[in-house]
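S.K.: Chain A is already provided as a structure; the job is to place chains B and C on it using the hints.
Spelled out from the first residue to the last, the chains are:
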Amino acid sequence: MSNQTQIRLAGSGGQGMIMAGVILAEAAILDDKIAIQSQSYGPEARGGASKAEVIISNEEIDFPKVIEPDLVLSLTQEATMKYGNSLKEGGLLIIDEDILLPEGFESSRVIKVPILRTAKENVGRAIVANIVAVGFIAEFTQLVSRESVEKAVLGRVPKGTEPMNKKALSEGYALAQSVK
Amino acid sequence: MSKKTVKLMQGNEACVEAALMAGMKFFAGYPITPSTELAEISSEKLPRVGGKFIQMEDEIAGIAAAIGGSIAGLKSMTATSGPGFSLKQENIGYAAIAEIPLVIVNVMRGGPSTGLPTSPAQGDVMQAKWGTHGDHAIIALSPQSVMETFDITIKAFNLAEKYRTPVIVLTDEVVGHMREKIEIPEPGDIEIVNRTVPGPGEDYLPYRLEAGDIVPKMAPFGAGYRYHITGLFHDETGFPSNSTENADIMLKRMISKIEDNRDDIVMFDEFMMEDAEYAIISYGSTARTVRNAIKTLREQGMKVGLFRPITIWPSAEKEIREVGRKVKKIIVAEMNMGQYVQEVERIVKSDAEVFHLGRANGEVLMPSEVVQKAKEVF
Amino acid sequence: MTSEIVQKYFRIENLPHIWCPGCSNGVVTRALTVAIDELGLDQDNIVVVSGIGCSSRAPGYLDFNTLHTTHGRGLAFATGIKLANPKLDVILIAGDGDVSAIGGNHLIHAARRNIDITTIVFNNNIYGMTGGQYSPTTPTDAKGTTAPHGNIDKPFDIAQLATAAGATYASRTTAYHVNQMVKYFKDAITNKGFSMVEVASICPTYYGRKNKSGSGVQMMQTLKNDFIDRMAYDKLPEEKKAGKHLMGVFKNITLPEYTAEYQRVIEALQGGESNE
Chain A
1 MSNQTQIRLA
11 GSGGQGMIMA
21 GVILAEAAIL
31 DDKIAIQSQS
41 YGPEARGGAS
51 KAEVIISNEE
61 IDFPKVIEPD
71 LVLSLTQEAT
81 MKYGNSLKEG
91 GLLIIDEDIL
101 LPEGFESSRV
111 IKVPILRTAK
121 ENVGRAIVAN
131 IVAVGFIAEF
141 TQLVSRESVE
151 KAVLGRVPKG
161 TEPMNKKALS
171 EGYALAQSVK
Chain B
1001 MSKKTVKLMQ
1011 GNEACVEAAL
1021 MAGMKFFAGY
1031 PITPSTELAE
1041 ISSEKLPRVG
1051 GKFIQMEDEI
1061 AGIAAAIGGS
1071 IAGLKSMTAT
1081 SGPGFSLKQE
1091 NIGYAAIAEI
1101 PLVIVNVMRG
1111 GPSTGLPTSP
1121 AQGDVMQAKW
1131 GTHGDHAIIA
1141 LSPQSVMETF
1151 DITIKAFNLA
1161 EKYRTPVIVL
1171 TDEVVGHMRE
1181 KIEIPEPGDI
1191 EIVNRTVPGP
1201 GEDYLPYRLE
1211 AGDIVPKMAP
1221 FGAGYRYHIT
1231 GLFHDETGFP
1241 SNSTENADIM
1251 LKRMISKIED
1261 NRDDIVMFDE
1271 FMMEDAEYAI
1281 ISYGSTARTV
1291 RNAIKTLREQ
1301 GMKVGLFRPI
1311 TIWPSAEKEI
1321 REVGRKVKKI
1331 IVAEMNMGQY
1341 VQEVERIVKS
1351 DAEVFHLGRA
1361 NGEVLMPSEV
1371 VQKAKEVF
Chain C
2001 MTSEIVQKYF
2011 RIENLPHIWC
2021 PGCSNGVVTR
2031 ALTVAIDELG
2041 LDQDNIVVVS
2051 GIGCSSRAPG
2061 YLDFNTLHTT
2071 HGRGLAFATG
2081 IKLANPKLDV
2091 ILIAGDGDVS
2101 AIGGNHLIHA
2111 ARRNIDITTI
2121 VFNNNIYGMT
2131 GGQYSPTTPT
2141 DAKGTTAPHG
2151 NIDKPFDIAQ
2161 LATAAGATYA
2171 SRTTAYHVNQ
2181 MVKYFKDAIT
2191 NKGFSMVEVA
2201 SICPTYYGRK
2211 NKSGSGVQMM
2221 QTLKNDFIDR
2231 MAYDKLPEEK
2241 KAGKHLMGVF
2251 KNITLPEYTA
2261 EYQRVIEALQ
2271 GGESNE
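Protein chains in written order, with this note's numbering: chain A, 1 to 180; chain B, 1001 to 1378; chain C, 2001 to 2276.
Simulated from the structure, these hints should not be mistaken for laboratory data.
Accuracy of the hints is not assured; some may be wrong.
Said to hold, decoys possible - Not close to chain B: a few residues of chain A, all C-beta gaps over 12 Å, as computed:
{"#": "1", "residue": "Ile127"}
{"#": "2", "residue": "Ala152"}
{"#": "3", "residue": "Lys167"}
Stated by the list, open to error - With a Cα cut of at most 20 Å, we get these calculated PhoX-like pairs of lysine-lysine:
{"#": "4", "chain 1": "B", "residue 1": "Lys1004", "chain 2": "A", "residue 2": "Lys33"}
{"#": "5", "chain 1": "B", "residue 1": "Lys1045", "chain 2": "A", "residue 2": "Lys151"}
{"#": "6", "chain 1": "B", "residue 1": "Lys1004", "chain 2": "A", "residue 2": "Lys151"}
{"#": "7", "chain 1": "B", "residue 1": "Lys1217", "chain 2": "B", "residue 2": "Lys1295"}
{"#": "8", "chain 1": "B", "residue 1": "Lys1295", "chain 2": "A", "residue 2": "Lys65"}
{"#": "9", "chain 1": "B", "residue 1": "Lys1045", "chain 2": "A", "residue 2": "Lys159"}
Computed from a predicted model, the values in this text were never measured in an experiment.
Beta carbons: idealized from backbone N, C-alpha and C, even for Gly.
This is chain A alone, in the form it adopts within the complex (with noise of 0.2 Å):
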């Protein structure tokens, strides 16, 4: 359990934290790690907070759900009020810069990155801000190689958008070197 990696990602329905959960499990699989994405069903799918989860370890993985995450993604107000405050001690919340933390929120690492305003000023489309978020969670974390993301993206992306996403992933990246 101790080299369990526990990534929860949240927004609003339709920005695409699943397929970003999808993508991050998708690559630690082909770096050879044991990974398993989960997610909120129900009407929090279709807008709403919505939240999806990673767990990525090197060896097998009993308890599918996170329990205590030690990194979460907030994109909106909303998730971060939601699903922010349950991390693990020492756990890392990264949330998009226009977000205000609340009083007494308890986290030991909090980083405010402007995730959403890349997406839109740096590659074009807002929508990419998930792909944004996985170029920054793997160049931030190390937990999968730059390779199998790129893989991952490209193969789960809708055709036709690889550019454009690869672009977003690159940003991500950038983004996190920027942060380090």
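M.R.: For chains B and C alone, kept in the frame of chain A given last:
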């Protein structure tokens, strides 16, 4: 070493992949969460292999059409959840008495009624066995992972064909919706069983058991045998019979073809049972919670092991009895208010003390709860 | 002395049938075999499906591939068979309760899909098998064992229901009008799409006794007198229209058939033949 294709796949997706590899050519169903992906993926893939998909007007029609597809000679599947499983019960009985091979996938969700549509549960365990009216035997298999969903679905088709019976894949929302690694074998590396059909020109009675066969041979409609299928008690000609003597023979054959072949049908798994003084019995996704908890308990010095039935029905009677003789106490952990625990109690009798750990509020059991319960009762 | 038709198409060993004296089910079932014979269809290729009820016992007496299913679900089973093997000629035999009450949903959707199944409804306006309860086609004010004070429901017009739902062939005749019935059966079976022939039938034992309709012979006379072709009806003076029931062809058009459309999907995806 034969080649395997490694993929990240959802449980429901793995189920369809396996069904196709097992030879599924027909799917009829109705959309219902959390099983809908099974219909969606089947609708995409079946016509590509010359198979047929149809979305029927309701759950009852879904299983009815799937039975029709099987009678016409195609390996058939239907899938559902919660209320849909209730609606399908009458025709599960039909498939049982008429001995029609069929795979029914039930991705369990919280109930009763509309219940908790997007939350996991294991509350249909007893319904899988006794949901349809009247005496009958049934096969139900419960996977704990995406990979096992694949393996079990292949097995479900094989058992359905071999024993001419409906087989239920009793999975749950956790396993159905999560994505994890799966290694898909090459088609040539998978054992596929097909129903036995009568030879050309053979003197055919549709429900006559030939020497050496487990079940009567099954001719597809349109192959020149012109026989009758009914949900009434029937004799070996297939025509209705009111004879009590015949009813007795027929019912006993229908039940014994499954009960007498437990060794072929029953699958189970054990974890740290060798030196166990206590056992936890659990199945489906809940068994993963238990496995996690057992590692913690072992670290703390408690000699506890997991017995995991993969075949839920018929139950692993022989093996569960052995567990009862071996350990002092057993916890049955399941996402319901106490179902399979009754089967375990029936089997182990006074050999071991049996406790239940369960919940049906839509949340999976947490490893910490299992640890706490074990410390409390063991 | 059994006729050639009966010899060829009935399972003689299963006769006599279970139907009551005076019941018209035998007449209708025989007319179906005459239609099949006149069309020269391959007996091995015919599937006759039914649900539950008196008329649903007919397949057991018929020498085809026969399937006696659950109450109301015949069309859903038949849909599976037809889609799985579109080469088969699939015929459904159903009663009014079976096809328009418990199986009503399957009826309208099979019609909507225009799947090539011929549905023959033995409409005797009553649940016979269970002993005379009112059905969706029992006339208002008529009596049944569950309508002892007179039926307050309004009856379905099953042929028109099928027409409205999308059947490409729909007609109504009576158990009395045997020649017309055979012709309608042939037209229905020949139609590539969902076809419905509603046959006004009689149940002297339950409907007749409860409603003082007289003997089987008298009830047959009533069918003869009360049913009039829809074209002829339009020409009747108003005062003569009361109490008349319409028969005739309500719909006969050609539209794409479901299994053929599905086959197009397969061929487009495979760029070739289906392997079924």
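S.K.: For a C-alpha distance cap of 20 Å, please report whether B:Lys1217 and B:Lys1295 respect it.
M.R.: violated, 48 Å
S.K.: Is it correct that the beta-carbon of A:Ile127 has no partner in chain B closer than or equal to 12 Å?
M.R.: Given that every Cβ of chain B is farther than 12 Å from that of A:Ile127, nearest at about 22 Å, it holds.
S.K.: Is the straight-line distance between the alpha-carbon of B:Lys1295 and that of A:Lys65 20 Å or less?
M.R.: holds, 17 Å
S.K.: Holds or violated: are the alpha carbons of B:Lys1045 and A:Lys159 at most 20 Å from each other?
M.R.: It holds: about 19 Å lies between the C-alpha atoms, which stays within 20 Å.
S.K.: Please check whether the beta-carbon of A:Ala152 is more than 12 Å away from every beta-carbon in chain B.
M.R.: Contrary to the label, A:Ala152 does not stay out of reach of chain B, its closest Cβ about 8 Å off (not over 12 Å).
S.K.: Between B:Lys1004 and A:Lys151, is the straight-line Cα distance small enough, at 20 Å or below?
M.R.: Satisfied, since the Cα-Cα distance of roughly 19 Å is no more than 20 Å.
S.K.: If I take the minimum Cβ distance from A:Lys167 to any residue of chain B, is it greater than 12 Å?
M.R.: holds, 24 Å
S.K.: Check whether the Cα positions of B:Lys1045 and A:Lys151 lie no farther apart than 20 Å.
M.R.: Violated, because 24 Å separates the two Cα atoms, which is more than 20 Å.
S.K.: Are the Cα positions of B:Lys1004 and A:Lys33 separated by 20 Å at most?
M.R.: Holds, because 16 Å separates the two Cα atoms, which is no more than 20 Å.
In the structure shown, a violation is registered for the earlier hints numbered 2, 5 and 7, in ascending order.
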